[in-house]
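Under my numbering, residue 581 is the last one in the sequence shown; the count climbs by one each step, no gaps.
Don't read these hints as lab results, they were simulated from the structure.
Cβ pair distances, simulated, as ranges:
#1 ARG281 x ARG404: 21 to 31 Å
#2 ARG527 x TRP245: 53 to 63 Å
#3 ALA227 x LEU509: 17 to 27 Å
#4 ILE367 x PRO461: 45 to 55 Å
#5 LEU234 x ARG281: 46 to 56 Å
Remember, it's a predicted structure, so these values are computed and weren't measured experimentally.
Here a beta-carbon is modelled for each residue, glycine too, at the ideal position from N, C-alpha and C.
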Amino acid sequence: MTPEALENCVLLAGAGLLLITTSMAYGADLTAALEPFRRLRFAIAFPAIWMTLQILPLPLSAANPIWRLTSNAFGDSHLWGHISIDPSRTFASLMAYLGVFSITVSASLIARDRRRAETAFLALFAMTSLLVAVVALSTFTPIAILPSLDHQGSTALVAWSGLSVVLGSAMVVMTLERHFTRREASHRPTDFSLAGRLFLTILAIAISVAALASIGSTRHLIPTAAAVYSIFFVAIARRLGARPWPAVILFSIFALLLAAMSFPYGEGPLPFAFGLSSENGDGALTIAMRALTDTPWVGHGVGTFTSLARVYADIGISVPVLPPTTAALVAIEWGIPALVALILASIQLIVFLFRGAIRRGRDSYFPSASSASLLCLGIGSFLDIGLLSPLIWVVAAVLVGIGLAQSSGRTSSLDS
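Using the sequences and the hints, build the whole thing.
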């Protein structure tokens, strides 16, 4: 077992222990908490099934061509192969996925109570804002708190900045909605605590926008703009009493237009998946395009891009271990059909949360923020590799868990 597989097994064990402990503590909410997951069973099950298929021993005729070449080289006609060129790395990726999913279920159980959901949400916003502020301070000022950012660190900061802006926008909506609701009920004037919360939230948003504009390109602003637009769209649609499905359709039209604007089309077998790769170095782009040209429809195996880079790199040229974009990585490791399936699964999850936010009587900002965050990260995956940060996976998993837990309430029903 590789060190990476061992680390992910430890992650899975820890996440599984967290899930068991949470289930024991909040067992009464278990049935209700799992209902949204039943609705999303395709989106949940597909990645695990696909990675398992890539790991299973298969006849050489169905395996990756590299196993047939290995069989011929050793003269062993009875050798079985795999879809993945490195099953141990694909197994490590499967363990990581199961661990992240366990975190999502645990977060959903904890966030069934709106007070716990709000506490978790505030903690996530504070963490993302503080992280962006510290990294930005170290990067753009003489105060060197952290080492200088490499390319992967820069793209991760872009993703963190986008998340901070999205969560901050949801905080603004939450603060204003609660203020107006309480003022209508008690007729009290605006207090200074409201102004203080809004000031701190807007300050955090401003810092994140500045970091995003300084490190990212103009196109990097589009995913964040689409996500923020979706949050305020939900707030306005709820105020106007819009029905869920017409609101979803109207928003989808605008979201697709914004997404199309952010994709820089180029040459190659899958041009829209290479995003801003011209800024990332021609070596990574060349290797990725070569690998994608030879990619079978079932992919080369999740987690195997580093091994593939050694195969497709020019002789005498250093091998970049990073792909140009997350979407290109998925297309190479998972296969193009799986990329399409993952896009559809992501859209299903985003629409489910968005529709839940429209139908939610109060606390709609939780599923709204979750949907917007996934939209921001999803569009951004076609622009750079920011989504490859494991910490972003964990934060996204917690956000999804909170959003699913709060996507239904007394004024809404999953069956409606």
